[in-house]
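*Asks:* Add chain B to chain A, keeping to what the hints say.
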Amino acid sequence: MSMTADVFEKSDVLAEFNPPQSARKMITIEDLSLVFETNDGPVNALSHIDLAIEEGGFVSFIGPSGCGKTTLLRVIADLERPTSGTILVDGTSPEDARLNRLYGYVFQAPALFPWRTIASNCKVPLEIFGLSKELQQQKTDKYLELVGLQDFHNKFPWQLSGGMQQRASIARALSFEPQLLLMDEPFGALDEITRDHLNLELLKIWHETGKTVVFVTHSIPEAVLLSTHIVVMSPRPGRIAKIIKSPLAKKRTLADRESPEFVAVMQEVREALANDHRID
Amino acid sequence: MKRLTHPLSIDSLKNSQPAALLLVLIALTILWYLAAFWLNSDLLIKGYERRGMTWDVSRLISDAYSMKRPLLPTPDQIGYELYKSIFETKISSKRSLVYHSGITLSSTLLGFLLGAFLGIVLAIGIVHSRTLERSLMPWVITSQTIPILAIAPMIIVVLGAMNFTGILPKAIISMYLSFFPVTIGMVKGLRAPDTLHMELLATYSASPEQTFRKLRWPSAMPYLFASLKIAIAASLVGAIVGELPTGAQGGLGSRLLSGSYYGQTIQIWSALVVAAILGSVLVALVGYFEKRVNRRMGITG
Numbered sequence: 001m002s003m004t005a006d007v008f009e010k011s012d013v014l015a016e017f018n019p020p021q022s023a024r025k026m027i028t029i030e031d032l033s034l035v036f037e038t039n040d041g042p043v044n045a046l047s048h049i050d051l052a053i054e055e056g057g058f059v060s061f062i063g064p065s066g067c068g069k070t071t072l073l074r075v076i077a078d079l080e081r082p083t084s085g086t087i088l089v090d091g092t093s094p095e096d097a098r099l100n101r102l103y104g105y106v107f108q109a110p111a112l113f114p115w116r117t118i119a120s121n122c123k124v125p126l127e128i129f130g131l132s133k134e135l136q137q138q139k140t141d142k143y144l145e146l147v148g149l150q151d152f153h154n155k156f157p158w159q160l161s162g163g164m165q166q167r168a169s170i171a172r173a174l175s176f177e178p179q180l181l182l183m184d185e186p187f188g189a190l191d192e193i194t195r196d197h198l199n200l201e202l203l204k205i206w207h208e209t210g211k212t213v214v215f216v217t218h219s220i221p222e223a224v225l226l227s228t229h230i231v232v233m234s235p236r237p238g239r240i241a242k243i244i245k246s247p248l249a250k251k252r253t254l255a256d257r258e259s260p261e262f263v264a265v266m267q268e269v270r271e272a273l274a275n276d277h278r279i280d
Numbered sequence: 281m282k283r284l285t286h287p288l289s290i291d292s293l294k295n296s297q298p299a300a301l302l303l304v305l306i307a308l309t310i311l312w313y314l315a316a317f318w319l320n321s322d323l324l325i326k327g328y329e330r331r332g333m334t335w336d337v338s339r340l341i342s343d344a345y346s347m348k349r350p351l352l353p354t355p356d357q358i359g360y361e362l363y364k365s366i367f368e369t370k371i372s373s374k375r376s377l378v379y380h381s382g383i384t385l386s387s388t389l390l391g392f393l394l395g396a397f398l399g400i401v402l403a404i405g406i407v408h409s410r411t412l413e414r415s416l417m418p419w420v421i422t423s424q425t426i427p428i429l430a431i432a433p434m435i436i437v438v439l440g441a442m443n444f445t446g447i448l449p450k451a452i453i454s455m456y457l458s459f460f461p462v463t464i465g466m467v468k469g470l471r472a473p474d475t476l477h478m479e480l481l482a483t484y485s486a487s488p489e490q491t492f493r494k495l496r497w498p499s500a501m502p503y504l505f506a507s508l509k510i511a512i513a514a515s516l517v518g519a520i521v522g523e524l525p526t527g528a529q530g531g532l533g534s535r536l537l538s539g540s541y542y543g544q545t546i547q548i549w550s551a552l553v554v555a556a557i558l559g560s561v562l563v564a565l566v567g568y569f570e571k572r573v574n575r576r577m578g579i580t581g
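These protein sequence lines are chains A and B, in that order. According to the numbering used here, the residues represented by the first sequence are 1 to 280, in order. According to the numbering used here, the residues represented by the second sequence are 281 to 581, in order.
Chain A with its partners taken away, still in its complex shape:
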């Protein structure tokens, strides 16, 4: 029964995230809803979302397609506007957070510019932010090395594999050293071997940089391996079914996936998904 102590129902979560000695909250969402107006009538993409994400956390959104996990991430990134409710990102509105270049966003696809080399792609945000040439070079060198692409500076994206391209896009998101990393199924299109490898790299980067990571995935093992908190979501209307705090230690390896704790968390997530699965 030790599991239950670490698992919080939705209502308990805000309290859990608010202990007296709590770390600063990076994202606070209260009663947030988003309705898309379509030709077939309104679609409730997000319904009454309450969520708090503390600084330094690694939070995954998991759920079937249509559950609004990507939409929620896009709301945090100010790529979508909520219909109602409040959201604060680092104490400001998502728009201000975006204008202050608070977060780096990693899309499902690498979204590299095909006419630029890998190094030059990493410099896009740095050029936009007006960093000096030396600083641009310095950051590019540092983060391409961090993702293991130090030998590919002058290659064009099409000369790299899908996994390497996605690593380059992560280096690009890290290059301007944002406090917050928003990742939308970044490894969804990759094979399992590459995905495992990149998961470990991401954990390493998270440890080294202490960033807050919000991560969208539809892979249960991936969510459990990476996260400090797993937000299980359900569709129609898109909502939070359960928030699970991982009992696993911060340092993790692929071998941890065999451990009983890991398997228990997997089971927990699976049950949360199944309980809320309705056939409309």
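Derived by calculation from the structure, the hints in this document are not laboratory data. Glycine included, C-beta positions come from ideal geometry on N, C-alpha and C. Incorrect hints may have been included.
[Unchecked claim] Partner residues are not named here, just some residues of chain B that face chain A (Cβ under 7 Å, in silico): (1) His477; (2) Tyr484; (3) Ala486; (4) Gly578.
[Said to hold, decoys possible] Chain B is faced by these chain A residues, among others (derived, beta-carbon under 8 Å): (5) Leu99; (6) Ala109; (7) Phe262.
[What the hints assert, rightly or not] Mimicking DMTMM-like on lysine to aspartate or glutamate, the simulated pairs with C-alpha atoms at most 20 Å apart in a straight line are: (8) A:Lys139 with A:Glu201; (9) A:Lys251 with A:Glu55; (10) A:Lys123 with B:Asp356; (11) A:Lys123 with B:Glu479; (12) A:Lys204 with A:Glu145.
*Replies:* Just chain B now, kept in the frame of chain A:
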């Protein structure tokens, strides 16, 4: 061991390409000679009958291919005329096709540069402002529905009254024809970036100007070169048309006009051939720049 190639493999295609080209060229030449005989012989037979001459087929054939003012000159007659007016005439002479080509080329290039610039500026305006799109686009399209032959004399006369003579009025006509494909192509090209890339720049809160430089402009390159190729050919047509109504002193257009005044069909056809060669060279030149830009942007082949 002998290497086997599939009849449809790239190798066999590559090997057969020059042969196919040659075959088409030979077929076209034969057709041309047949057409020249067919068109010219009518004229000749009427002439023989008027003068009460006796004639036979071999006489008709040799006459049909050596008329001074044939209805359709033969390739060898045009070739000889080209040789004479390019290599055996001083470049400064008014009989030199090089002289006339130079005049046409200068207004073509000026008109092309003006047209490309105008086309790009209009496209940038249209892409960034809905008001501009609504107010400009109908005019851009209307401008091209007016026959250039109708509007060219007016442009020349009006500019002439304002003391603009020489290559500028002709360049304006070239510009009039060449800005259009550039505007249409670049509106499409500047809107070519996919949503993902636009959103990426939004996450960096990039300004519209930064978005333009970093994303819209590079994305538009394939569209730019496709439309520049059309524009430079249209520009050449514009320059020639601009030389027609003015009784211009020089240029391929004036060669065409004086040729048609005096029934000098060989002269007309030579000027046409030179115009065609000039057009191909100009389009190839744009293609060359496209290749260079592509190489810099990491696109090979």
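*Asks:* Honestly, which of those hints from before does the structure not fit?
*Replies:* 7 and 10
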